[in-house]
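**Student:** Residues per chain, in single letters:
10 protein chains.
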Amino acid sequence: MLFQVEMDVQIPLGLAPEVVEQLKKTERERAQELQKTGEWRHLWRIAGRYANVSIFDVASNEALHDILSTLPLFPFMRVSVTPLCRHPSSVRSDDS
Amino acid sequence: MLFQVEMDVQIPLGLAPEVVEQLKKTERERAQELQKTGEWRHLWRIAGRYANVSIFDVASNEALHDILSTLPLFPFMRVSVTPLCRHPSSVRSDDS
Amino acid sequence: MLFQVEMDVQIPLGLAPEVVEQLKKTERERAQELQKTGEWRHLWRIAGRYANVSIFDVASNEALHDILSTLPLFPFMRVSVTPLCRHPSSVRSDDS
Amino acid sequence: MLFQVEMDVQIPLGLAPEVVEQLKKTERERAQELQKTGEWRHLWRIAGRYANVSIFDVASNEALHDILSTLPLFPFMRVSVTPLCRHPSSVRSDDS
Amino acid sequence: MLFQVEMDVQIPLGLAPEVVEQLKKTERERAQELQKTGEWRHLWRIAGRYANVSIFDVASNEALHDILSTLPLFPFMRVSVTPLCRHPSSVRSDDS
Amino acid sequence: MLFQVEMDVQIPLGLAPEVVEQLKKTERERAQELQKTGEWRHLWRIAGRYANVSIFDVASNEALHDILSTLPLFPFMRVSVTPLCRHPSSVRSDDS
Amino acid sequence: MLFQVEMDVQIPLGLAPEVVEQLKKTERERAQELQKTGEWRHLWRIAGRYANVSIFDVASNEALHDILSTLPLFPFMRVSVTPLCRHPSSVRSDDS
Amino acid sequence: MLFQVEMDVQIPLGLAPEVVEQLKKTERERAQELQKTGEWRHLWRIAGRYANVSIFDVASNEALHDILSTLPLFPFMRVSVTPLCRHPSSVRSDDS
Amino acid sequence: MLFQVEMDVQIPLGLAPEVVEQLKKTERERAQELQKTGEWRHLWRIAGRYANVSIFDVASNEALHDILSTLPLFPFMRVSVTPLCRHPSSVRSDDS
Amino acid sequence: MLFQVEMDVQIPLGLAPEVVEQLKKTERERAQELQKTGEWRHLWRIAGRYANVSIFDVASNEALHDILSTLPLFPFMRVSVTPLCRHPSSVRSDDS
Numbered sequence: 001m002l003f004q005v006e007m008d009v010q011i012p013l014g015l016a017p018e019v020v021e022q023l024k025k026t027e028r029e030r031a032q033e034l035q036k037t038g039e040w041r042h043l044w045r046i047a048g049r050y051a052n053v054s055i056f057d058v059a060s061n062e063a064l065h066d067i068l069s070t071l072p073l074f075p076f077m078r079v080s081v082t083p084l085c086r087h088p089s090s091v092r093s094d095d096s
Numbered sequence: 001m002l003f004q005v006e007m008d009v010q011i012p013l014g015l016a017p018e019v020v021e022q023l024k025k026t027e028r029e030r031a032q033e034l035q036k037t038g039e040w041r042h043l044w045r046i047a048g049r050y051a052n053v054s055i056f057d058v059a060s061n062e063a064l065h066d067i068l069s070t071l072p073l074f075p076f077m078r079v080s081v082t083p084l085c086r087h088p089s090s091v092r093s094d095d096s
Numbered sequence: 001m002l003f004q005v006e007m008d009v010q011i012p013l014g015l016a017p018e019v020v021e022q023l024k025k026t027e028r029e030r031a032q033e034l035q036k037t038g039e040w041r042h043l044w045r046i047a048g049r050y051a052n053v054s055i056f057d058v059a060s061n062e063a064l065h066d067i068l069s070t071l072p073l074f075p076f077m078r079v080s081v082t083p084l085c086r087h088p089s090s091v092r093s094d095d096s
Numbered sequence: 001m002l003f004q005v006e007m008d009v010q011i012p013l014g015l016a017p018e019v020v021e022q023l024k025k026t027e028r029e030r031a032q033e034l035q036k037t038g039e040w041r042h043l044w045r046i047a048g049r050y051a052n053v054s055i056f057d058v059a060s061n062e063a064l065h066d067i068l069s070t071l072p073l074f075p076f077m078r079v080s081v082t083p084l085c086r087h088p089s090s091v092r093s094d095d096s
Numbered sequence: 001m002l003f004q005v006e007m008d009v010q011i012p013l014g015l016a017p018e019v020v021e022q023l024k025k026t027e028r029e030r031a032q033e034l035q036k037t038g039e040w041r042h043l044w045r046i047a048g049r050y051a052n053v054s055i056f057d058v059a060s061n062e063a064l065h066d067i068l069s070t071l072p073l074f075p076f077m078r079v080s081v082t083p084l085c086r087h088p089s090s091v092r093s094d095d096s
Numbered sequence: 001m002l003f004q005v006e007m008d009v010q011i012p013l014g015l016a017p018e019v020v021e022q023l024k025k026t027e028r029e030r031a032q033e034l035q036k037t038g039e040w041r042h043l044w045r046i047a048g049r050y051a052n053v054s055i056f057d058v059a060s061n062e063a064l065h066d067i068l069s070t071l072p073l074f075p076f077m078r079v080s081v082t083p084l085c086r087h088p089s090s091v092r093s094d095d096s
Numbered sequence: 001m002l003f004q005v006e007m008d009v010q011i012p013l014g015l016a017p018e019v020v021e022q023l024k025k026t027e028r029e030r031a032q033e034l035q036k037t038g039e040w041r042h043l044w045r046i047a048g049r050y051a052n053v054s055i056f057d058v059a060s061n062e063a064l065h066d067i068l069s070t071l072p073l074f075p076f077m078r079v080s081v082t083p084l085c086r087h088p089s090s091v092r093s094d095d096s
Numbered sequence: 001m002l003f004q005v006e007m008d009v010q011i012p013l014g015l016a017p018e019v020v021e022q023l024k025k026t027e028r029e030r031a032q033e034l035q036k037t038g039e040w041r042h043l044w045r046i047a048g049r050y051a052n053v054s055i056f057d058v059a060s061n062e063a064l065h066d067i068l069s070t071l072p073l074f075p076f077m078r079v080s081v082t083p084l085c086r087h088p089s090s091v092r093s094d095d096s
Numbered sequence: 001m002l003f004q005v006e007m008d009v010q011i012p013l014g015l016a017p018e019v020v021e022q023l024k025k026t027e028r029e030r031a032q033e034l035q036k037t038g039e040w041r042h043l044w045r046i047a048g049r050y051a052n053v054s055i056f057d058v059a060s061n062e063a064l065h066d067i068l069s070t071l072p073l074f075p076f077m078r079v080s081v082t083p084l085c086r087h088p089s090s091v092r093s094d095d096s
Numbered sequence: 001m002l003f004q005v006e007m008d009v010q011i012p013l014g015l016a017p018e019v020v021e022q023l024k025k026t027e028r029e030r031a032q033e034l035q036k037t038g039e040w041r042h043l044w045r046i047a048g049r050y051a052n053v054s055i056f057d058v059a060s061n062e063a064l065h066d067i068l069s070t071l072p073l074f075p076f077m078r079v080s081v082t083p084l085c086r087h088p089s090s091v092r093s094d095d096s
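As they're listed, the protein sequences go chains A, B, C, D, E, F, G, H, I and J. The first sequence runs 1 to 96 under the working numbering. The second sequence runs 1 to 96 under the working numbering. The third sequence runs 1 to 96 under the working numbering. The fourth sequence runs 1 to 96 under the working numbering. The fifth sequence runs 1 to 96 under the working numbering. The sixth sequence runs 1 to 96 under the working numbering. The seventh sequence runs 1 to 96 under the working numbering. The eighth sequence runs 1 to 96 under the working numbering. The ninth sequence runs 1 to 96 under the working numbering. The tenth sequence runs 1 to 96 under the working numbering.
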């Protein structure tokens, strides 16, 4: 089941640089792990912003929440979730 | 080059049913044509709304506008366009 | 899987009264049918508005969209969908 | 009498971790207590956000405010309240 | 139990003048009736707009909805409802 | 002359507890003083929020500003002011 | 007493041209009449929009509403009203 | 003096096609005339929308308003105007 | 040339009181200086808010920006600028 | 390919003055460098705000993001990006 998720990241000024670097590192590793399992199907950067548009392929709302809420940068994200489904005009067999 | 496009369709009440059917038919044909050329890379329905989230792969802003502005349902759409680019954490080679 | 759906209904002035009555009648019948299957789990009126807050229990985003988009009043609705999941503090066994 | 309440929690960075843990613990205990009395009838997590949608069954606006304003996390919440009432199409006898 | 209700009236152009006059007449009569029963406790005009701020004193959300949804001008209103309760600093005995 | 005023209070985390308590105390005293003079005619709590809806009866905009801007909690308030006047359908003689 | 009023005019398409011309004519005459009495103290056009920013000098909210609500174009206006008062840094003696 | 102007065009359904064509023709001629005089310095299409971003170089607010308010499509436009000035980091000599 | 400018001031909690007092003092002096030169033509307080509505009479956008951006409180202001011009119905000779 | 970019800068209070000066200096140098390469085609100050409207001429979304995300002040900016394309009524040969 597909969800579009937009994540807008705002890291507050007061956080120590090394803590920020570590957060970003673990975030990248986690994102790549989830892409390899196929759950994080698409991950694109929004041009000009520290934000991304992603497409998740998960079994349920629970699964989506478990993934998003345990992302290292989650506490610094504003997240919007849009449930998607197959479009009647879609010609792709692998896009739902 | 990738763009996320959200199209929210509102067909006014006064339009004759047959005109609406014809518009929807040509819209579907055009959308499928563009998907086969690869320009309309992803087309998903937003659950619960007469709207879609799409990912376009086009050569330029002009190309994107030419496609969107000539869609049969364009006069009845509210469109938002978000330019995307490859995310540094993306593991996919075919997603930019 | 649970979704909160808010439906705000605005029936345009120009629609013939008998058409409106028929729409409302079939809408009510459909809503009651879906409640009996358990898909439309909760249906509440928002006090002071021609709008409702509902909780749907469906198998997927597709199922949700199929239900909502075929409601008789769908063309006159503004719909917002919020995917829900079990809350870690919930004590109920039947609420997810 | 039913109210839909959405609670969006934002815990500021500067709060000591142990204070946060204690707040969350007492919040969970209080939420479970209120669910057992039936006042906090439904509590769902919004997928992807540190927020919940809840349905409260209380005797009055006062009762609702007393509950919400004394929640341990109240100072860190943005709350919206929507008064609900029985929907004419509802088939449930226990949903008002 | 008190509710603040803001009603913003927009009568569409196409309505026959005599119909509009009749609606306004019955609206005024109904509003005065409800004020005499004490349910419509305060009714003020918002300066510069065809809108009002009102305070209703009703037994429940249902009662509020029954009143508002049967107002003659209801189909032409945008309504917002805010549940109120006694303020801890209020010195009035008759204001809750 | 009547004004509706909505006051939304957000006390920042960093303020010392005793300072906050003193602010709230003097705010309560001042509010009660103004209610006794009749200037602060109505003061209601918005259910679920640290905010109030009030009706002020003052001689001029200046008088309203002098009252609001000297409230102890004013620096921590977001205030919206709506000028009211007597509604043509009001039956009350004491409500303008 | 001063009020800032912004009037955004949207004349619907279906109105007969001669009716529109007559409305504009009487609107202009009324506006000039009120400027001569001093009630409509300032009237400026917002560059690029069919809208104005005005400053009214009136005795009360009622007076303001009576003026605005009887303007010929009032049914086609979105109006916002901001109560003003003398600024402590103002050097003008005639600006309150 | 430079202004950024964004024009969002919404031509209502009820307008006769030939009238619309004529409006678009005269709009194009007028826009090209103003570009040749240098007043309409830049005119870009917003990709995906029937809207443009323009930069006007005019002597005053009045001049800007006279141009915009006499554009054939003005009655069908939502216009937003942002006054610009030379940026301290600009290296161009011809951009103010 | 006239501009309406709305300035909403939010002084952060952490600023030393004496610094704030000094800022306010120099702001007041600067505002009075500009009023005497006629550039700051009108300065009104918005009732109930630490904000003002002002009318500036300046030669250009640059002049306006130079004034606003060098105000002592500028770093703590949210500013919105609306370019004005003479209204065709204005009877005043001194209001453009 | 052209993009309109609006950058709204908010430098937090806690940053050391010399750090801020250094950021501004390197920002100015970088902006001038990019203007000389032609990528940053236009840079205008928004009158009354610490914000700019810019037009970028870049080869792709990626190029735009690389430029914006590496600007020294990027962490303190709210950025909005609007993809532009040649307008059918544009007479300029050098504006796309």
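Derived by calculation from the structure, the hints in this document are not laboratory data. From the three backbone atoms N, C-alpha and C, an ideal C-beta is built for every residue, glycine too. Misleading hints may appear alongside valid ones.
As the list claims (entries may be wrong) - A few chain G residues facing chain E, derived, Cβ under 8 Å: (1) 9; (2) 71; (3) 73; (4) 79.
Unchecked claim - No farther apart than 27 Å at their CA atoms in a straight line, the calculated lysine-lysine pairs in the BS3-like style are these: (5) I:24 / I:36; (6) E:36 / E:25; (7) I:24 / F:24; (8) F:36 / D:24; (9) I:24 / J:36; (10) G:36 / G:24; (11) B:24 / C:24; (12) A:24 / D:36.
**Student:** To test your reading of the hints: which numbers does this structure violate?
**Tutor:** Hints 1, 2, 3, 8, 9 and 12 contradicted; others consistent.
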